[in-house]
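Add chain B to chain A, keeping to what the hints say.
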Amino acid sequence: MTATTPEARPRSARAVTWTRRRRSWARTAKAFGRSRSGMLGLGIFIVFALLALLAPLLFPASELDVTKATGPIFGPPSLTYWLGTDDSGRSVLALVVWGARISLLVGLCATVLSMVIGTSMGIAAGHYRGFRGGALDRLTDWFLVIPYLPLAIVMASVLGRSLLNIIIVIGVTSWPGTARLIRAQTLTVEGRPYLERAKALGAGNLHQMGKHVLPNVMPLVLANTTLAVSISILSETTLSFLGLGDPDAVSWGSILNSAFSAGAISQGAWWYLAAPGVCVVLVVLGFNLIGRALEDILDPYGDGA
Amino acid sequence: MALVAEPSAVPLPARARSGRRIGPGTRYALNQIAGSLATFLFVIVFNFFLFRILPGDPISLYTKGRDVSGARIRELQAQLHQPIWHQFISYMRDPFSQTAESVKYNSPVWDVIGPRVWPTLLLVGTATILATLIGVWLGIRSAWKRGQRFDKVTTTTTLIFYSMPEFWFGMILLIVFSVGAFGIPGFFPVGGLSTPGVDINTPAGWVDVAWHLTLPVTTLTVIYLAEYSLIMRASLIDEMGQDYLKTARAKGLLDRMVRQRHAVPNAMLPTTTLIFMNLGFVVGGAITIEDVFSIPGLGSLTVDAINGPDIPLLQSLFVLFSGAVILANLIANLLYAKLDPRVRT
Numbered sequence: 301m302t303a304t305t306p307e308a309r310p311r312s313a314r315a316v317t318w319t320r321r322r323r324s325w326a327r328t329a330k331a332f333g334r335s336r337s338g339m340l341g342l343g344i345f346i347v348f349a350l351l352a353l354l355a356p357l358l359f360p361a362s363e364l365d366v367t368k369a370t371g372p373i374f375g376p377p378s379l380t381y382w383l384g385t386d387d388s389g390r391s392v393l394a395l396v397v398w399g400a401r402i403s404l405l406v407g408l409c410a411t412v413l414s415m416v417i418g419t420s421m422g423i424a425a426g427h428y429r430g431f432r433g434g435a436l437d438r439l440t441d442w443f444l445v446i447p448y449l450p451l452a453i454v455m456a457s458v459l460g461r462s463l464l465n466i467i468i469v470i471g472v473t474s475w476p477g478t479a480r481l482i483r484a485q486t487l488t489v490e491g492r493p494y495l496e497r498a499k500a501l502g503a504g505n506l507h508q509m510g511k512h513v514l515p516n517v518m519p520l521v522l523a524n525t526t527l528a529v530s531i532s533i534l535s536e537t538t539l540s541f542l543g544l545g546d547p548d549a550v551s552w553g554s555i556l557n558s559a560f561s562a563g564a565i566s567q568g569a570w571w572y573l574a575a576p577g578v579c580v581v582l583v584v585l586g587f588n589l590i591g592r593a594l595e596d597i598l599d600p601y602g603d604g605a
Numbered sequence: 002m003a004l005v006a007e008p009s010a011v012p013l014p015a016r017a018r019s020g021r022r023i024g025p026g027t028r029y030a031l032n033q034i035a036g037s038l039a040t041f042l043f044v045i046v047f048n049f050f051l052f053r054i055l056p057g058d059p060i061s062l063y064t065k066g067r068d069v070s071g072a073r074i075r076e077l078q079a080q081l082h083q084p085i086w087h088q089f090i091s092y093m094r095d096p097f098s099q100t101a102e103s104v105k106y107n108s109p110v111w112d113v114i115g116p117r118v119w120p121t122l123l124l125v126g127t128a129t130i131l132a133t134l135i136g137v138w139l140g141i142r143s144a145w146k147r148g149q150r151f152d153k154v155t156t157t158t159t160l161i162f163y164s165m166p167e168f169w170f171g172m173i174l175l176i177v178f179s180v181g182a183f184g185i186p187g188f189f190p191v192g193g194l195s196t197p198g199v200d201i202n203t204p205a206g207w208v209d210v211a212w213h214l215t216l217p218v219t220t221l222t223v224i225y226l227a228e229y230s231l232i233m234r235a236s237l238i239d240e241m242g243q244d245y246l247k248t249a250r251a252k253g254l255l256d257r258m259v260r261q262r263h264a265v266p267n268a269m270l271p272t273t274t275l276i277f278m279n280l281g282f283v284v285g286g287a288i289t290i291e292d293v294f295s296i297p298g299l300g301s302l303t304v305d306a307i308n309g310p311d312i313p314l315l316q317s318l319f320v321l322f323s324g325a326v327i328l329a330n331l332i333a334n335l336l337y338a339k340l341d342p343r344v345r346t
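Those protein sequence lines, which keep their order, are chains A and B. Per my numbering, the first sequence starts with residue 301, numbered consecutively. Per my numbering, the second sequence starts with residue 2, numbered consecutively.
Rather than coming from a laboratory, the hints here were simulated on the basis of the structure. In this text the structure is predicted, and so the values were computed from the model without any measurement. Possibly wrong hints are sitting among the right ones.
[Said to hold, decoys possible] Going by beta-carbon spacing under 8 Å, a handful of chain B positions derived as facing chain A:
{"id": "1", "residue": "T40"}
{"id": "2", "residue": "F43"}
{"id": "3", "residue": "V44"}
{"id": "4", "residue": "I45"}
{"id": "5", "residue": "F52"}
{"id": "6", "residue": "I161"}
{"id": "7", "residue": "I176"}
{"id": "8", "residue": "I288"}
{"id": "9", "residue": "T303"}
{"id": "10", "residue": "I307"}
{"id": "11", "residue": "N308"}
{"id": "12", "residue": "F319"}
{"id": "13", "residue": "F322"}
{"id": "14", "residue": "V326"}
{"id": "15", "residue": "L328"}
Quick reminder that beta carbons are idealized off the backbone N, C-alpha and C, glycines included.
So here's chain A without its partners, still in its complex pose:
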């Protein structure tokens, strides 16, 4: 479709497109490998992803059971309990490792949801002219202006506390920024001649958006995704800290919530607070570093400050 193939090399148009795309991915990956901060961020993510996947092997799930806890109450870090114990004698290290599962799961799923909504809204708002485009644009504006956390709080309170609901809440409240960005990019893509060609050949709206606009905004979506993961993880932490997370799931935010309500501050149990917080900062920082490195590489102006 996008390239005319000479008779001598009977490769399908699709194969040509995919070769071109593979090359451009390889170029991006190579440039990313040269970015030290980007690789540092990727390293942090891999470490935490491994911890999350291996959690059941490292610590049996029974360690999270309050009734089976054996450690001292608010015990400071020691050789048996590297990160100390909580108010019911559970190992904070085990809690934090298990918390990585939920925090990363919610962060990644919510980001996917937010990206799907944001990208489709952005492309549609940029593609359609007149009333439809205007209406989508207005809707994005509205969601952009409504303060994020109060909206997430009322939605979480209304929907009830479960893992799926917190994913929905974060996904549904965090898409407008992406939509804005993608819409702007769509408008520049729409102005290019090959879209006019596609239109002249009778391509429908869905074909134009899916086959021509989407591949061109994909790099931007990718860079934005990593930045969105950090926002999603921070949101999950905040909502769980406020007690709006799944009551049965241990996440970094819910650990902070139990630490705060168990009086870790007045007890001086800094280890109970420090461990989950440091994890959040590291993972969010990691995704921010990856996102910034990708933005620099994919920046159309190349300057990359």
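This is chain B only, laid out in the frame that chain A set:
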């Protein structure tokens, strides 16, 4: 259109085009105000439907744990038996109804909210002003010394704070400087807005409030200035590639003059909008920080409303927060047009 700097430079007078005596500046302002009103209307409508999808028995949610007369319950039931569009119309007639009562505080929601506004404004206002001043200054310095040690240290530090949940930073400050972990004497109060029994309308009372607000304001300032400094840095670096700076330098202007008079004013434009746009997130920070430092403001009221759950109170707080942010955005857009006449066209 970017060439049009002054409304008077428009070739055709606005009057001839629209037939009315409205300049492009006024038309822009009216458009913005209309847009903000439409957004607020959307919030109110959204608010109605959002709380109508609540699971369970709405009456028991509204009246739980309160001494409510049978007549009042029957009245509520009659209201809910009406068709949804009927309920919608009566809601839209008076969205800020004085009869909506908080479940927890047992009095009209707006009476509960009223006295909670000032502590939040004081906290958020002080933190925003400090964060803006320090953040912009840091951003300018690190952009100007891009790649040098100052820039590297500042950018790394701000990026770490930007990745931090603000309430966690607040709790760490609290445990270190108020409770006194690590052998540091606990100097600051553990929470509240003032020491009980101190009259906050005297100079000694102001000092007491300032002493109580030191840690929470520091927390919010540090977290927000991280973002402002990153934005200011990026925007000034963008500006530094421009030709007019080369001209200014070629004229022999001092480096400091080029920065202060030429580059910074232009780089301030995107930063200004972003600071105002960000007020929505600032509100979110206030919610958790007030909870951590037990400041009796709108934030801790929100946490109370979540834990109830006190739905009428939550509903009103949502409308209030949204209204405040919409207003801040409107001011930002009008200010932006004043600073940069290009956007009006």
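Structure-based check of each hint:
At its closest, the beta carbon of B/T40 sits 5 Å from a beta carbon of chain A; the interface hint therefore holds under the 8 Å criterion. With 8 Å as the threshold, the beta carbon of B/F43 comes within range of chain A, its nearest partner Cβ sitting at about 5 Å, so the hint holds. Because the beta carbon of B/V44 sits about 6 Å from the nearest beta carbon in chain A, less than 8 Å, this interface hint is met. With its C-beta approaching chain A no nearer than about 11 Å, B/I45 sits outside the 8 Å limit, and its interface hint is violated.
Interface hint at B/F52: satisfied, since its Cβ lies 6 Å from the closest Cβ of chain A, which is below the 8 Å cut-off. Because the beta carbon of B/I161 sits about 6 Å from the nearest beta carbon in chain A, less than 8 Å, this interface hint is met. Nearest Cβ of chain A to the Cβ of B/I176: about 5 Å, under the 8 Å cut. The hint holds. Residue-level restraint check for B/I288 holds (minimum Cβ-Cβ distance to chain A is 6 Å; threshold 8 Å).
With a cut of 8 Å, the hint placing B/T303 at the interface with chain A holds, because the nearest CB-to-CB distance is about 7 Å. A distance limit of 8 Å between C-beta atoms decides the matter here; for B/I307 the minimum to chain A is near 6 Å, and the interface restraint holds. A hinted interface residue such as B/N308 counts as satisfied when its beta carbon comes closer than 8 Å to some beta carbon of chain A; here the least separation is about 7 Å, so the hint holds. Given hint, B/F319 at the interface with chain A, holds; its Cβ is 5 Å from that chain's nearest Cβ, closer than 8 Å.
With 8 Å as the threshold, the beta carbon of B/F322 comes within range of chain A, its nearest partner Cβ sitting at about 4 Å, so the hint holds. Taking 8 Å as the C-beta contact cut-off toward chain A, the hint placing B/V326 at the interface holds, the least distance being around 5 Å. At its closest, the beta carbon of B/L328 sits 10 Å from a beta carbon of chain A; the interface hint therefore is violated under the 8 Å criterion.
In summary, the numbered hints that this structure violates are 4, 15.
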